[in-house]
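With the hints as constraints, model all of the structure from the sequences given.
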Amino acid sequence: MTRYIAYIMCPALLCLYLTGCDFEDEYNVSPRRNFESLWKIIDENYCFFEYKNVNWDNIYSRYSPEIEEQMSDYDLFRIMSDMLDELQDGHVNLLSSNVGISSYDGWLNGYPSNFNTEVLRNTYWSRSQNYNDIVKHNRIVDNQIGYIYYGSFKESILEKDLDNIFSTFSYCKGIIIDVRDNGGGSITNSDRLASRFLNEKTLCGYIRHKTGKGHDDFSDPYPIYLTPSHGYLWLKPVIVITNRKCYSATNNFVSKMKVLPSVTILGGRTGGGSGFPFTSELPNGWSIRFSTSPILDVDKQHTEFGIEPDIEVDLTDEDIKENKDTLIEEAVRILLN
Amino acid sequence: MGKIIAFILLNLCMVCQSAGQENDEEIPRSMNEGTLLGFGTSNIKDTYLSPFNYNGWGARILNERMKTISAGKGRYSRQQIINVDITSTRNPAENVNDFGTFIDYSLSYHYRIPFGSSIKLLAGLSTHLMGGFIYNTRNGNNPLSAKVDIDLGISMIILYGLKVKDHPLTLRYQTELPFGGLFFSPPYGISYYEMFNEGNTSDVIAFNSFHNKFAVKNYLTVDIPIRHFTLRLGYLNSLYYSETNDINTHMISHSFMIGWVKEFIVLGGKRSNNKSRVNSSYY
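Chains A and B, in that order, are what the protein sequence lines are. Residue numbering for the first sequence follows the numbering used here, starting at 1 and increasing by one per position. Residue numbering for the second sequence follows the numbering used here, starting at 1 and increasing by one per position.
FYI, nobody ran anything at the bench for these hints, they're computed from the structure. A few of these clues could be false.
With a cut-off of at most 16 Å between alpha-carbon atoms, the simulated EDC-like pairs for lysine to aspartate or glutamate come out as follows [claimed, not checked]: (1) Lys213/A <-> Glu33/B; (2) Lys201/A <-> Glu198/B; (3) Lys67/B <-> Glu243/B; (4) Lys213/A <-> Glu44/A; (5) Lys324/A <-> Glu118/A; (6) Lys321/A <-> Glu308/A; (7) Lys40/A <-> Asp246/B; (8) Lys201/A <-> Asp191/A; (9) Lys67/B <-> Glu33/B; (10) Lys321/A <-> Glu118/A; (11) Lys213/A <-> Asp57/A; (12) Lys213/A <-> Glu243/B.
Following this line, the structure appears as structure tokens:
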């Protein structure tokens, strides 16, 4: 009987032995090891290589010789950040607790800010109600226009509070949704607002995901629908005011709003950032975030580099001097006509 | 004459049968129930969350019930195990945590083969249902990896009763090895946003077997009667490996278990009305 027991237990103990040996991925501060790990994570997961025509192998060849085993964390971080900047993606961030955060902001270059908080505070926000630090709402132009400033989709507005806000606009001729300098946040929050401006389920875009480690391994586009809220719906004219700093979830919000028939996008081109990001890590504990799933617009086109407004308007110095916001004034003019 | 012999044989058969039934009634089948707490180490790797091993501790509570069943004249027994497992592990750099919570249930039927009076081999099939998740404290948009498995497997137990200085002990070694089933298996780069907000749940359930999953549990216990109680000490080793859609997962735990065991007779339903067999404080 002892022999039988031994026969039975041997495979189990062998499994125990084999599985107990899987500890190859240990803490490692080697610059070479971390550089290789970063390059591989991006190589296997990043989703815009083809769209941006980025040759990741060539980039490896350019940056790899700069890696030295004796280099400081700061120097390693700088080289890695420079390599990641080649992707031209604000969703690609390297985070180190002892060095800092890398963030590509080249997408802002060459675009006007189209946003002056002093003018807004003096003229448009002075009588507004603050829902919280970054959401303000108000009726302007003799209560004819409803105005909401939503500064970050990291903050949510409760459905019942949205009902209250929209009910105060019930006699207005139109609404302005100002999302300038809104760098994104949660799509759940942006969808909650967008779902107030339609009365039937509407196709608003598509999403794809990586199906393997190859640069071209993608799923078929999967449709994304926006469904109407069960709360207060606003089907009269809406103008969404944008600038280049509308990024990520805000870019997604603009992409969806642009589909809706009562909505006009006014201002500047948005910043983009249409890749849904994932996070991973390096052997030294640094964190790396990168785009993995491209979200396409309703025409199955990328919006990674931004969305053109329907009406392009820039903030003028003359208006700033008069404490006027050119974009809001133009939106008011359109809504009242 | 033939009719008389036939009548006697028939009656004998009926008597024997009824005697057997009475015998079954006289020896009620008891339930062996153990409840144990476990503490130990945990090693988790899930490449959906991180390419690295996370190491830490795990705690579990386990309840197991075993009983012979009426079919097969006591040659079969049924075992049910419910196990709740929580883990806290850290990455190699020790600046990020993974928290895991799993609940699993298994139902096994064993055929019992005695070897002498002290050794029993129990071999059979089991169904196993497991659900849980691993939560990474740093990942923003991919913080969670959910696990849902339903399997069929083989289960085997060896029970060995022995005495140490007139003190009776019962040793048990048990192993469970799933060989096929279904599990939640999201595609390589899909986000939970796409699956659960946008509803793209196609291809998230996959067939599993040894080609993409290997899981085994090894369970070693000793029962030590102490006065009116029976102490159960044990070691539970759980191994879980899966590799689908270029996502690798492993969960390895070693737990030292301690708990108590009781052997009792279930007298629910109509059986509770048989007052001659039990001195009930209620019925």
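Quick rundown of the hints versus the structure:
| no. | hint | result |
| --- | --- | --- |
| 1 | Lys213/A <-> Glu33/B | violated, 49 Å |
| 2 | Lys201/A <-> Glu198/B | holds, 13 Å |
| 3 | Lys67/B <-> Glu243/B | violated, 36 Å |
| 4 | Lys213/A <-> Glu44/A | holds, 4 Å |
| 5 | Lys324/A <-> Glu118/A | holds, 10 Å |
| 6 | Lys321/A <-> Glu308/A | violated, 27 Å |
| 7 | Lys40/A <-> Asp246/B | holds, 14 Å |
| 8 | Lys201/A <-> Asp191/A | holds, 13 Å |
| 9 | Lys67/B <-> Glu33/B | holds, 9 Å |
| 10 | Lys321/A <-> Glu118/A | holds, 11 Å |
| 11 | Lys213/A <-> Asp57/A | holds, 14 Å |
| 12 | Lys213/A <-> Glu243/B | holds, 14 Å |
When the structure is compared with the earlier hints, violations turn up for hints 1, 3, 6 and for no others.
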